[in-house]
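The primary structure of each chain is shown beneath.
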Amino acid sequence: MIEDHSVKSDRPAKMSARNVNVFYGQKQAISGVSIDVDMDNVVAFIGPSGCGKSTFLRTLNRMNDTIAGARVEGQITLDGTDIYNPDMDVVQLRARVGMVFQKPNPFPKSIYENVAYGPRIHGLVDGKADLDAVVEQSLRRAGLWDEVKDRLHESGTALSGGQQQRLCIARAIAVDPEVILMDEPCSALDPIATAKIEELIHELRGRYAIVIVTHNMQQAARVSQHTAFFHLGQLVEYGVTSEIFTNPREVRTKDYITGRYG
Amino acid sequence: MNRLGLTDWNGPVMRRRLARRYAAERRFRLLGLGAVLLSAAFLAFLLVSMIGQGATGFLRTEVRVTLDFKAAPLLIDRAALAGRGADLALANAGIPAHLNAAATTAYGGEGAGYLSENSWLDVRDAVRDDPALLDGKASFWVAAATAIDLAAKGHGTAEAKAAYAKLKQAGAVRKTFNAGFLTRSNSNDPTRAGIWGAFKGSLLTMIVTLLLAFPIGVLSAVYLEEYAPRNRMTDLIEVSINNLAAVPSIIFGLLGLAVFLNTWQLPRSAALVGGLTLALMTMPVIVIAARNAIKSVPPSIRDAALGVGASPVQVVFHHVLPLALPGILTGTIIGMARALGETAPLLMIGMRAFIATPPDGFTDPATVLPVQIFLWSDEVSRGFVEKTSAAIVVLLAFLLAMNGLAIYLRNRFERRW
Chain A
1 MIEDHSVKSD RPAKMSARNV NVFYGQKQAI SGVSIDVDMD NVVAFIGPSG CGKSTFLRTL
61 NRMNDTIAGA RVEGQITLDG TDIYNPDMDV VQLRARVGMV FQKPNPFPKS IYENVAYGPR
121 IHGLVDGKAD LDAVVEQSLR RAGLWDEVKD RLHESGTALS GGQQQRLCIA RAIAVDPEVI
181 LMDEPCSALD PIATAKIEEL IHELRGRYAI VIVTHNMQQA ARVSQHTAFF HLGQLVEYGV
241 TSEIFTNPRE VRTKDYITGR YG
Chain B
263 MNRLGLTDWN GPVMRRRLAR RYAAERRFRL LGLGAVLLSA AFLAFLLVSM IGQGATGFLR
323 TEVRVTLDFK AAPLLIDRAA LAGRGADLAL ANAGIPAHLN AAATTAYGGE GAGYLSENSW
383 LDVRDAVRDD PALLDGKASF WVAAATAIDL AAKGHGTAEA KAAYAKLKQA GAVRKTFNAG
443 FLTRSNSNDP TRAGIWGAFK GSLLTMIVTL LLAFPIGVLS AVYLEEYAPR NRMTDLIEVS
503 INNLAAVPSI IFGLLGLAVF LNTWQLPRSA ALVGGLTLAL MTMPVIVIAA RNAIKSVPPS
563 IRDAALGVGA SPVQVVFHHV LPLALPGILT GTIIGMARAL GETAPLLMIG MRAFIATPPD
623 GFTDPATVLP VQIFLWSDEV SRGFVEKTSA AIVVLLAFLL AMNGLAIYLR NRFERRW
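So the sequence lines, in the order shown, correspond to chains A and B.
Counted from 1, the first sequence has number 162 at position 162 by my numbering; the numbering is strictly sequential.
Here my numbering runs 262 ahead of the position in the second sequence, where the first position is 1.
Chain A with its partners taken away, still in its complex shape:
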C-alpha cells in the first residue's frame, strides 16, 4: 500500500500560488487555485483531461505568456517574489524554474550541445573545461552519463524516447534550476523508460522542488509526496499523497481515483 513518505518541510515554501485564475480569452481555465511547493516533497498534479493541471503548471514558469490571449490573475511567488510582477525577468525565471515536456523534445543537435546550451546562454560557465564538467554532472544527475559518455557528439534525437526524456531533464538541470516542472514526462514512454524516470525523480527530490503532472495515478502514488487533484479548473483537494489515495476528503477525488470517471 501507499506509505507516507512526505516530509514536514522546515524550509519555507519554494513556490506558492494564491488564488490564481487563468483565462484563455473569455474562457476561464483555472479558478482560485492556491498551492505551496517545497523542496522536500514532490508534488503531483492529477485530474481528468482538460482539468487545467497542465495550464496551471505552465503558469508557474510563465510559459503561458507565449499563448495569445492567456491571462493570469492572483499571486504566484518564487522565494517570496511575485513572478508576475513587471520587474521579474521572465527569461531568468524560466532558468530558475525549469521544465520538462510531455513529448521528449531535444534540440536537433548533439547530446553535448543539448546540455551545454542553457549554461552557455546564461553565461554560467567559464571556458570549455568548466562546460564539460557541467555537462557531465548534469548527465550524471539525469542518470544518462554512462549510456552516452562515448557518444556525446552524436545527435540527441537519435537516442531512444526514454533517453531523450532524460536528456531533456539533464538539459533542465544544467542551468541549475531551483524548481523543475514536469508535464506528463512519461506519457510517451514505455514502462521500463518510465520506471527509470520515476527513479530519477526520487533521486532529484530534495535538491530541486519538483512538480509533476501525470495522468497515471499509480505514478502519482509512486513518485509524489503531495498530490493535488484538479477538476474543471479547480483545485479539489491537495494533501499528502498517501491520504489522498487512501482516504480522500472529497467525493469527487474518491470517484476519480477509484476510476469512476477520468
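Hints were generated in silico from the structure; no laboratory data involved.
Honestly, I wouldn't trust all of these hints.
As the list claims (entries may be wrong) - The list that follows gives simulated cross-link-like pairs (lysine-lysine, DSSO-like), each with its CA atoms no further than 27 angstroms apart:
| id | chain 1 | residue 1 | chain 2 | residue 2 |
| --- | --- | --- | --- | --- |
| 1 | A | K196 | A | K149 |
| 2 | B | K557 | A | K109 |
| 3 | B | K462 | B | K423 |
| 4 | B | K423 | B | K437 |
| 5 | B | K437 | A | K103 |
| 6 | A | K128 | A | K109 |
Start from chain A and add chain B according to the hints.
Quick look at chain B alone, frame taken from chain A:
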C-alpha cells in the same frame, strides 16, 4: 432491412468492386507517370533544341588571309605601338584596305566579301600583341563574314555555300571556339558580339537583389511569425504581401522608374537600380516562403528553448531560423530564379540600352542576360539567331549554377528531428 452479416465477401459483386478499385489505382498511377514523362519530354525538347541551336553560337568561322607587310607596309609609327595609343594608331593605319586587297588577291573578286566588316580588328589585336609581325609576311585567321559563317554551319544561301566550299578546298577556312563570345560585350556585328557584359550585369544585379531581398524578407517573416501581435494590422500586412507577390513585374519596373530614377536620381541602366527593382519583386516571395518554413518548425523546439530560459531572440536565431533555413533557401531560389529571368521591369529602367563595355561596378550602365536575349532576338541580321540560342544556353547555365549552389547550401543546413 438488416443486411449485416449477409455480406458475401467473395461473391461476384465484391470481385467486380475489387477489380474496379484496382483499375482506378492503376489508372491514377499511369496518369501520374504520364504527367511526369510529359514534363520530362518538354524539358528534354527545350534543352536539346536550345543546345542544338546554341552550340554553333560558341563557334566562329575564320578565313586565312596572308598580309605581306614588307611589300605593302602599314603607314604607322612603330613607336606608337608601345603606348596606350596603339589601338588608335592601328585604327588609322588602313588595315581594312590591306585586308580587302589581300583577300581579293587570294580568293578572287568576291574575296573581300568573305571577311567580316570588323575582321581587321583581329589583325589589329594580333599586331598590337606582337609588333614583330610588321616586319614580314604573316598569315592571320580573321572573322569570316556572317554569310560564310552561316554556310559553314550548314545554313545560308547557295552562293555562300559555294564560296565556303571553295575556301574549304583551299584550306583557307576553319571553325574555332569563339572565346570572344564569352569575353566580349554587345556589338552590332554578330561575329563580334559577346555575352560577358550581360552576364556580368546579371551577376551584379543578382548580388544587389540578394543582399536586399534576403535579409529584409527573412527578418520580415521572423517578425510577422514570432513577434507581431495577431490583429487587423498584421492581417492587412499579410494580405498586402500576398498580393505584392502576384503583381505583374512590369509594374515593379514602373515603380523603379518613378522612385529610383526620377525621385532618387539614381543612374539609369545601372545594376544597382535593376537590383533594387528586382528586390522589390523578390521580397514578397521570400517572405511567404520564409513564413511557411518558420511555421513548420515544431513548436516543441520553441518550448524546449524557452523552457531552459532562452530569450525570444535566442529562440529565433539559435533554433527556429537554423531549422527553417532549408525552406527559406528553397523560397529564395525560386524568387531569385524568377528575378534572373525577368525582362520587363528592367526595360522600364533603361537596362535595354546598347552597352558595348561590361559594367565595372554597380552604378555603371549594364544590361542583363534575358534583356540581351530579347535584344538579339529582335536583330535583323541572321547571325544573331544562333547568338540568341547561345545566350539562352548561358542563361540556363547561370540558373543551374545558382540553383545548384542553393541546393548545396540547403542540404548542408538540413537537419532532421
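Hint by hint, here is what the structure shows:
{"no.": "1", "hint": "K196(A) with K149(A)", "result": "18 angstroms, holds"}
{"no.": "2", "hint": "K557(B) with K109(A)", "result": "20 angstroms, holds"}
{"no.": "3", "hint": "K462(B) with K423(B)", "result": "36 angstroms, violated"}
{"no.": "4", "hint": "K423(B) with K437(B)", "result": "15 angstroms, holds"}
{"no.": "5", "hint": "K437(B) with K103(A)", "result": "69 angstroms, violated"}
{"no.": "6", "hint": "K128(A) with K109(A)", "result": "18 angstroms, holds"}
Hints 3 and 5 from the earlier list are contradicted by this structure; the remaining hints agree with it.
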